[in-house]
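2 protein chains.
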Amino acid sequence: MEYTEFFADRVRSMQGSAIREMFKRMADPEIISLAGGNPASELFPGDELSKIAGKILMTSPTLALQYGTTDGYPKMKECAIARANKVNAYNAERDAVIIMTGANQGIDLTAKALLNKGDKVVVESPSFIGSLNAFRTYECGLVGVTVEDDGMSMEGLEDALKNNDGVKFIYTIPTFQNPTGVTMSLEKRKRMLELASKYNVMILEDNPYGDLRFAGEDVPTIKSLDTEGRVIYAGSFSKILSPGMRLGYIIADAKILEKVEILKQVNDVHTPMLTQLMCVEFMKKYNIDDYIAKNRELYGKKCACMIENMEKYFPKGKVRWVTPEGGIFLWCECPTITDINPVVDKCLEKKVAIVPGSNFAVDMSAPSNMFRLNYSSATLENIAEAIRRLGGVLTELL
Amino acid sequence: MEYTEFFADRVRSMQGSAIREMFKRMADPEIISLAGGNPASELFPGDELSKIAGKILMTSPTLALQYGTTDGYPKMKECAIARANKVNAYNAERDAVIIMTGANQGIDLTAKALLNKGDKVVVESPSFIGSLNAFRTYECGLVGVTVEDDGMSMEGLEDALKNNDGVKFIYTIPTFQNPTGVTMSLEKRKRMLELASKYNVMILEDNPYGDLRFAGEDVPTIKSLDTEGRVIYAGSFSKILSPGMRLGYIIADAKILEKVEILKQVNDVHTPMLTQLMCVEFMKKYNIDDYIAKNRELYGKKCACMIENMEKYFPKGKVRWVTPEGGIFLWCECPTITDINPVVDKCLEKKVAIVPGSNFAVDMSAPSNMFRLNYSSATLENIAEAIRRLGGVLTELL
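Top line first, the protein sequences correspond to chains G and Y. Counting in my numbering, the first sequence runs from 1 upward without gaps. Counting in my numbering, the second sequence runs from 1 upward without gaps.
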């Protein structure tokens, strides 16, 4: 039987993330992937978490295996708040926190709480496809604003807010943005808050990479600068502990999270208990900042290795990039061409996976001359080899 | 600041599940809860899962801690299919399976894939509040059909389908229904398929309790009788392994699940890897059916204990119930009154928690003279004591 007539409008034209589709095709172990957003697995604290999980299930099986509360295990909420406090993203007087099965769930359910069909979201263009697709499922309009080397264009943002009715919120990844790796300046963060207040819209600040700075100085989170309660903050343990555990959180005024909690309740009821308990124990027994520091150091090395090889193997003057100060992504533009897809395809033939820029665009059908590289996942050796191959393809095709 | 103007219509009037709210109030350890839907924690295989989790994280940390695929870990999908095959709920020729973070997520995302605003869902009345609330978030209409002692009224169902435009699917828990404990007869299951075909609607069959039969004979799943591909099947590990692990699955024609998978991808990306791997290992090392058999036996005893005490302590002729043949719920009606809430409140004073019937109704504002009892969670001793106290309250107030 055919099902088209049964589908809701929201999914009729939806495509899955090409990046995650690529995951499936990458069963070929010879492929070096610079395509995903995987953190470095070589640093995962497997032994520590093995002991922790074993002990939790032995000593507290009921707690770990029975239903939990929708907003999260209380001590896990404290862990999330502790992380948020490091960047002043938790306002104890008015904020609440909900533990999410990954920050992506928090972004999806926040959008669900705010967006009616036809509402609009202002987003960085390019931006994280997982969030853009989540927004798209609520049949909203996406208004893209250019990302400059110091973050979203504020002229572009004001134009977007001035010229569009029904904007509910601005979605931003201000620090080590996905896919550009760019960090928004303090001035722009302040300006974004002013504009959000002037045009009366909310801000959804997504900060999965903020802890991963390996150069330069920290910039305050937008949430920390927010005096009105206008910022909803999404945090994640995916890039500082483990993405497979699916642990994230949303922090915002309690009146907002009351609604988000209902949507979480009808979605997955609560985040699995064991992974929450493991995170709590890990943060109790170990200094997670020491562990993060190791990751930061490794990512700094990997990023430097990637750039060193890009400088060596990429055709001179034909590829532009901004050197990231942290995070896991490097964004490249090829001004002499209009469509990167032939490069991406040729790379796959050479067993290197990269993501074409169109995936991150508001209008995914337009060709892009950009591509995203991930440097956190592959080994130093594989990064060098992959960039050498990619450089060969670029030299041939640009 | 005030946020009302920012909220989507779907959440403006939404209330959380009163049952899960009750969870929060039940911090008082003296309260005996017959209110939740918790499986018996005394049988949780904590030691076995402790060893399994410890070993997985020690030997396969990358697999357990890195990102996984959205549709689920392949061997976990095999485990879900193995469970579904026991009740002929998997059609290898056309079906696909997606691992969900609890079956509730599968129900939510299936509804999201099918429902436009204004569409309708035909549901048993009363039914599981988690599903009803999930449907409500897509701004659909709910059409309730009476539950009889052998399941949903088929006259009621045909009326509902005949008199309502825009019905996308029928939602049913045919076996040991929540909250009534009732099982739909084979004849009615066949008739439901005929009517679904005649009126061209889908069926969403939710079967979390099907394995928990302790009396009577198994009835085939609706999915097993479906020749057209009209049934979407939701299965769960919550009542046969652990609810806190949040493991469920959806089985349906691959063309439907292609859309559901996109919605899962933008929701929690994938179900946590560790819990999936633990379930796979548990099913490999142990015979889960032996473990389920122990649960069935215990639930049979607990149900018998509850009924024995109901017969002893409830005022004669004033409370009506159908004796369940499995599952975890018992449903009571008090024909001499119109509103059970004074009984529920008085019970809480006596440190016994039960759920008023209005929670499960399509129209939650109408008073109900019914209440739901859970017998899986409390100990035999506590069941006897709680029913004695409840009997006292009923004797006083009926």
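Worth flagging that the hints you see were computed from the coordinates, not collected in a lab. Since we're looking at a predicted model, the values are computed, not measured. The reader is advised that the hints may include incorrect statements.
[Said to hold, decoys possible] Straight-line C-alpha distance at most 25 Å; calculated SDA-like pairs for lysine to any residue:
no.: 1; chain 1: G; residue 1: 55; chain 2: Y; residue 2: 139
no.: 2; chain 1: G; residue 1: 75; chain 2: G; residue 2: 335
no.: 3; chain 1: Y; residue 1: 198; chain 2: G; residue 2: 9
no.: 4; chain 1: G; residue 1: 55; chain 2: Y; residue 2: 133
no.: 5; chain 1: Y; residue 1: 75; chain 2: G; residue 2: 47
no.: 6; chain 1: Y; residue 1: 117; chain 2: G; residue 2: 50
no.: 7; chain 1: Y; residue 1: 301; chain 2: Y; residue 2: 321
no.: 8; chain 1: Y; residue 1: 294; chain 2: G; residue 2: 63
no.: 9; chain 1: Y; residue 1: 255; chain 2: G; residue 2: 75
no.: 10; chain 1: G; residue 1: 117; chain 2: Y; residue 2: 139
no.: 11; chain 1: G; residue 1: 55; chain 2: Y; residue 2: 255
no.: 12; chain 1: Y; residue 1: 77; chain 2: G; residue 2: 11
no.: 13; chain 1: G; residue 1: 51; chain 2: Y; residue 2: 285
no.: 14; chain 1: G; residue 1: 284; chain 2: G; residue 2: 3
no.: 15; chain 1: Y; residue 1: 75; chain 2: G; residue 2: 46
no.: 16; chain 1: G; residue 1: 117; chain 2: Y; residue 2: 50
no.: 17; chain 1: Y; residue 1: 117; chain 2: G; residue 2: 63
no.: 18; chain 1: G; residue 1: 51; chain 2: Y; residue 2: 51
no.: 19; chain 1: G; residue 1: 51; chain 2: Y; residue 2: 133
no.: 20; chain 1: G; residue 1: 55; chain 2: Y; residue 2: 198
no.: 21; chain 1: Y; residue 1: 284; chain 2: G; residue 2: 47
no.: 22; chain 1: Y; residue 1: 294; chain 2: G; residue 2: 59
no.: 23; chain 1: G; residue 1: 75; chain 2: Y; residue 2: 117
no.: 24; chain 1: Y; residue 1: 55; chain 2: G; residue 2: 162
no.: 25; chain 1: Y; residue 1: 117; chain 2: G; residue 2: 47
no.: 26; chain 1: G; residue 1: 75; chain 2: Y; residue 2: 50
Results of checking the hints against the structure:
1. Proposed proximity of residue 55 of chain G and residue 139 of chain Y is contradicted: the alpha carbons are some 45 Å apart, above 25 Å.
2. For the suggested pair residue 75 of chain G and residue 335 of chain G, the alpha carbons sit about 50 Å apart, so the restraint of at most 25 Å is broken.
3. Of the pairs offered as hints, the one joining residue 198 of chain Y and residue 9 of chain G holds, with about 24 Å between alpha carbons and a cut-off of 25 Å not exceeded.
4. Simply put, residue 55 of chain G and residue 133 of chain Y have alpha-carbon atoms about 37 Å apart, too far for the 25 Å limit, and the pair is violated.
5. About 23 Å separates the Cα atoms of residue 75 of chain Y and residue 47 of chain G, which keeps this hinted pair within 25 Å; it holds.
6. Between residue 117 of chain Y and residue 50 of chain G the CA atoms are separated by roughly 46 Å; this puts the pair beyond 25 Å, and the hint is violated.
7. Straight-line distance between C-alpha atoms of residue 301 of chain Y and residue 321 of chain Y comes to about 18 Å, which keeps the hinted pair within the 25 Å bound.
8. Proximity of residue 294 of chain Y to residue 63 of chain G is assessed by CA-CA distance (about 21 Å); at most 25 Å being required, the pair is judged to hold.
9. About 42 Å separates the Cα atoms of residue 255 of chain Y and residue 75 of chain G, which puts this hinted pair outside 25 Å; it is violated.
10. Taken as a hint, the residue 117 of chain G and residue 139 of chain Y pair is honoured in the structure, with Cα atoms around 11 Å apart against an allowance of 25 Å.
11. Between residue 55 of chain G and residue 255 of chain Y the alpha-carbon distance is near 43 Å, which puts this suggested pair outside the 25 Å criterion.
12. Straight-line distance between C-alpha atoms of residue 77 of chain Y and residue 11 of chain G comes to about 24 Å, which keeps the hinted pair within the 25 Å bound.
13. In summary, the hint linking residue 51 of chain G to residue 285 of chain Y is supported, as the alpha carbons are separated by about 20 Å, within the 25 Å threshold.
14. Distance restraint check for residue 284 of chain G and residue 3 of chain G: the Cα-Cα separation of roughly 50 Å exceeds the 25 Å cut-off, and the hinted pair is therefore not satisfied.
15. Pair hint residue 75 of chain Y plus residue 46 of chain G holds up; C-alpha atoms about 21 Å apart against a cutoff of 25 Å.
16. Distance hint between residue 117 of chain G and residue 50 of chain Y is unfulfilled; the C-alpha atoms sit about 46 Å from each other, more than 25 Å.
17. Proposed proximity of residue 117 of chain Y and residue 63 of chain G is contradicted: the alpha carbons are some 39 Å apart, above 25 Å.
18. For a cut-off of 25 Å, the pair hint linking residue 51 of chain G to residue 51 of chain Y stands: about 10 Å separates their Cα positions.
19. With a CA separation close to 39 Å, the supplied pair residue 51 of chain G and residue 133 of chain Y exceeds the 25 Å bound.
20. As the CA atoms of residue 55 of chain G and residue 198 of chain Y are separated by approximately 55 Å, the hinted pair breaks the 25 Å bound.
21. Taking the CA atoms of residue 284 of chain Y and residue 47 of chain G, the gap is near 23 Å; set against the 25 Å cutoff, the hint holds.
22. Distance restraint check for residue 294 of chain Y and residue 59 of chain G: the Cα-Cα separation of roughly 22 Å lies within the 25 Å cut-off, and the hinted pair is therefore satisfied.
23. For the given pair, residue 75 of chain G sits about 38 Å from residue 117 of chain Y by alpha-carbon distance, which is inconsistent with the 25 Å threshold.
24. Restraint check for residue 55 of chain Y and residue 162 of chain G: not satisfied, since their Cα atoms lie roughly 57 Å apart, outside the 25 Å limit.
25. Distance hint between residue 117 of chain Y and residue 47 of chain G is unfulfilled; the C-alpha atoms sit about 49 Å from each other, more than 25 Å.
26. For the hint linking residue 75 of chain G to residue 50 of chain Y, the alpha-carbon distance of about 21 Å falls within 25 Å, and the restraint holds.
Of the numbered hints stated above, those contradicted by the structure are hints 1, 2, 4, 6, 9, 11, 14, 16, 17, 19, 20, 23, 24, 25, listed in ascending order.
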